[in-house]
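Undergrad: What follows is the residue order along each chain.
Number of protein chains: 6
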Amino acid sequence: MFRRAAAVASATGHFMSRAANEGPQTDGQKHMSVKREPIEYADASLEVRAVYDDIMATRRTDWVNNFWKVLAHDPPTLRRIWSNIKDVMGPGTLDPLTKELLYVAVSASNGCHYCIASHGAAARKKGMTEAQYSELLSIVGLANETNRLVTALGVAVDPAFL
Amino acid sequence: MFRRAAAVASATGHFMSRAANEGPQTDGQKHMSVKREPIEYADASLEVRAVYDDIMATRRTDWVNNFWKVLAHDPPTLRRIWSNIKDVMGPGTLDPLTKELLYVAVSASNGCHYCIASHGAAARKKGMTEAQYSELLSIVGLANETNRLVTALGVAVDPAFL
Amino acid sequence: MFRRAAAVASATGHFMSRAANEGPQTDGQKHMSVKREPIEYADASLEVRAVYDDIMATRRTDWVNNFWKVLAHDPPTLRRIWSNIKDVMGPGTLDPLTKELLYVAVSASNGCHYCIASHGAAARKKGMTEAQYSELLSIVGLANETNRLVTALGVAVDPAFL
Amino acid sequence: MFRRAAAVASATGHFMSRAANEGPQTDGQKHMSVKREPIEYADASLEVRAVYDDIMATRRTDWVNNFWKVLAHDPPTLRRIWSNIKDVMGPGTLDPLTKELLYVAVSASNGCHYCIASHGAAARKKGMTEAQYSELLSIVGLANETNRLVTALGVAVDPAFL
Amino acid sequence: MFRRAAAVASATGHFMSRAANEGPQTDGQKHMSVKREPIEYADASLEVRAVYDDIMATRRTDWVNNFWKVLAHDPPTLRRIWSNIKDVMGPGTLDPLTKELLYVAVSASNGCHYCIASHGAAARKKGMTEAQYSELLSIVGLANETNRLVTALGVAVDPAFL
Amino acid sequence: MFRRAAAVASATGHFMSRAANEGPQTDGQKHMSVKREPIEYADASLEVRAVYDDIMATRRTDWVNNFWKVLAHDPPTLRRIWSNIKDVMGPGTLDPLTKELLYVAVSASNGCHYCIASHGAAARKKGMTEAQYSELLSIVGLANETNRLVTALGVAVDPAFL
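Chains as they are written, first to last, in my numbering: chain A, 1 to 162; chain B, 1 to 162; chain C, 1 to 162; chain D, 1 to 162; chain E, 1 to 162; chain F, 1 to 162.
By construction, these hints were calculated from the structure, which means they are not laboratory data.
Since we're looking at a predicted model, the values are computed, not measured.
Treat the hints with care, since some could be wrong.
Copies of the same chain are indistinguishable here, so a pair counts whether it falls within one copy or spans any two.
[Stated by the list, open to error] Below, in silico cross-link-like pairs of lysine to any residue (SDA-like), each with a Cα-Cα straight-line distance of 25 Å or less:
#1 K126 to E47
#2 K126 to L97
#3 K125 to D43
#4 K35 to A57
#5 K126 to A44
#6 K125 to T93
#7 K125 to E47
#8 K35 to H113
#9 K35 to W63
#10 K86 to R60
#11 K126 to R60
#12 K126 to D54
#13 K126 to S45
#14 K125 to L46
#15 K35 to T58
#16 K125 to A156
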């Protein structure tokens, strides 16, 4: 029942303790930041290291990017999201490059800089050229334009599309 | 200077005149609906027909879907958007199916039903299978999840991605 | 302290009681719908009628649109939102038509059908032509396109704009 | 009629005058920045100070955060938004911590860094633990994922939910 | 390697075959709809039934709502999303009602009708009153307002919040 | 057929080549950044200069802002977007200031800093006062609030608005 709470608690030693001298603090509370710093392998618990190890093995690389190191403050979420990424981005009926292009396109549409950078790097590694990236961005931009026009105008779906 | 205004005016005969008996109207105004009905080929002006003709020729089909028929109330916009679609979705360095998949993914992320339906149909015509569509939706969903986690947590972009 | 709760409670007689026969209900709970039906003037409490009266007097009309009739389930919110609308949309340094155009543009960008319809009607009453509405939609569409391009590409703000 | 305009004008002495030497300026215009700097208590007009005083009294603190100091360039909006926050976030039927959690969740979903930081701090002050924040973020992420799946798939609302 | 593709293929017998007589079809393509109909228990494969069974057991109910029946066209995604929901919405440090309130708030902010309806029903079952729902909606609305003001004005995060 | 690809390729000399020493690079790949640096006039190809020249002539200015210099990595998109901007923001039935206000409002609603800054500067040049900008922001904020309330509550469009 309290598995999650306990698991999270076991990682809280990693929360940065910052000097509370940046501004007024009239209530003597212990200062906790909304920002979570990356947890490096050397500082990680065994269960976090197990996920890091799987990330590196799956990706045939020797480092782990910041997203996972920040999620590591909450080990169950780290494990869950990594498991989802492996399932969704793993082998299937769309080729690996197309999958990354789709991830980049959604991230660009949502304006998530980190995700554009990380999945953009993955897409380049899988072969995305700069010309392809330009075309992808053009599609993201135009889809956002026509999505608004269609929705605002309340265009009825053609029977042929149903 | 008034090119656009004149062009638009020439199409206003197509606005639906509806009985204003659906609700209170205390000011005697001429009722104009926010909704624009599709303009069929038979009712279209010559400049609108020219765009419809180009759409059908480019797509090797004999019909025009509702999006264009609704845009036809504003001929300069009809021409402009169609020209953009031809440029962006035409031959390039990404194959035609991948382009449609990207359009569907952004539209799904934005929740535009019409665009999912119309570009989904185009993608199916170009070979998208149901299994591929399932994978595409999984990526759209997961990217929306991780986009929020990354942004909310303020994850710093790894130098390797810069 | 419980002012809000009491005020809301006084209006709950208006929640629709629906037959719970549309689907499985295995727990005997009292069925409450997520949808709130409009509360008509004749059925409204005195405090709700006071807001309706002010809406009609301010707008020099003899009816109230559904948005307010649905908000009426929560009288403090009804009063608060109406007060905000009067403040923000009342006389200022932008003319009344421009204000409605801005409201329509944001609503179109967000895909809020009701808001496009209601503020579109208000804009037409204040003089918006169909050609102007077409131009407004073009701007909404194009801004959504360039907003994504700019954000995805991480364009640095020119010093001249700072 | 010009109440708002006058009120705003009375605060314009606070707009930062910046050297216009950061870029080309070919038209001799007076440079006005899109960015508004916080107005400190010492520099504020009497009507702005009255709001600052009420913020500090309500929150039992001796400082005012930047959001209000920036809104202070437009005193009617400063007063209006503060009044809304007091109404909506004040005592009601949801406990104060739950209200802050909801504010943080919406802000995280919208990617508003400042709002996550400020309402996150308020939530921590009211007792939010790091483990609870982790769970909140997980819900925000998952809701954004399923929201897209549901909308894209056009899932019909079950009669039991109506 | 092709586990996902095979799993999906095994469910495709459930895709609705519709008469292609609703509109022009000039290319003889096999018509596939973008819309997926719910798969009832009686028609479901064994692996889909296993998830349905777990949903009903976990929720102590005897029916399954449409979201899962539509996801059932893609069994791996059905299993994955259900597993995520169980993890995220299961016992933790936030009480079950608060979790549902957070889910409803994000869904309301995103405008997902189905999700508001389904998680709103779950929240009511766990005790959410109409007055609480009204307060939740007020927070969602106000957060969306202040999120935009803060972001547009580029308010700097106070050091005390860092 | 490969017009776009060739055009893009002709500009790729401008992609920044950065030292790949910022982080682990275990695969010897050529490092390409997701960020595109502005291409100055002196470094631009003839086709890019032609667009820059037209931008400066149309705007009666002697400089080009970063958006165009970044788009210049993809000349066909540079030309296409500039052509769209000229069409949509050029003379029509809405006056030039109103058009810029609408662009700023949508950009503020979407949280695009660069677009708020650049179109805000254009609006100021055309006469937007600080008081008007304050009112615009108030409308953007309030519309975002009521858009969510209306959508979440599923308010039915009044027949008078249809």
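Undergrad: Now, for every hint given, state plainly whether the structure supports it.
TA: Quick rundown of the hints versus the structure:
no., hint, result
1, K126 to E47, "neither (30 Å within a copy, 31 Å between copies)"
2, K126 to L97, "both (6 Å within a copy, 18 Å between copies)"
3, K125 to D43, "neither (29 Å within a copy, 28 Å between copies)"
4, K35 to A57, "neither (28 Å within a copy, 28 Å between copies)"
5, K126 to A44, "neither (30 Å within a copy, 29 Å between copies)"
6, K125 to T93, "both (20 Å within a copy, 17 Å between copies)"
7, K125 to E47, "neither (29 Å within a copy, 30 Å between copies)"
8, K35 to H113, "both (17 Å within a copy, 10 Å between copies)"
9, K35 to W63, "both (22 Å within a copy, 22 Å between copies)"
10, K86 to R60, "within (14 Å within a copy, 31 Å between copies)"
11, K126 to R60, "within (13 Å within a copy, 34 Å between copies)"
12, K126 to D54, "within (20 Å within a copy, 37 Å between copies)"
13, K126 to S45, "neither (32 Å within a copy, 29 Å between copies)"
14, K125 to L46, "neither (30 Å within a copy, 32 Å between copies)"
15, K35 to T58, "neither (28 Å within a copy, 27 Å between copies)"
16, K125 to A156, "between (41 Å within a copy, 21 Å between copies)"
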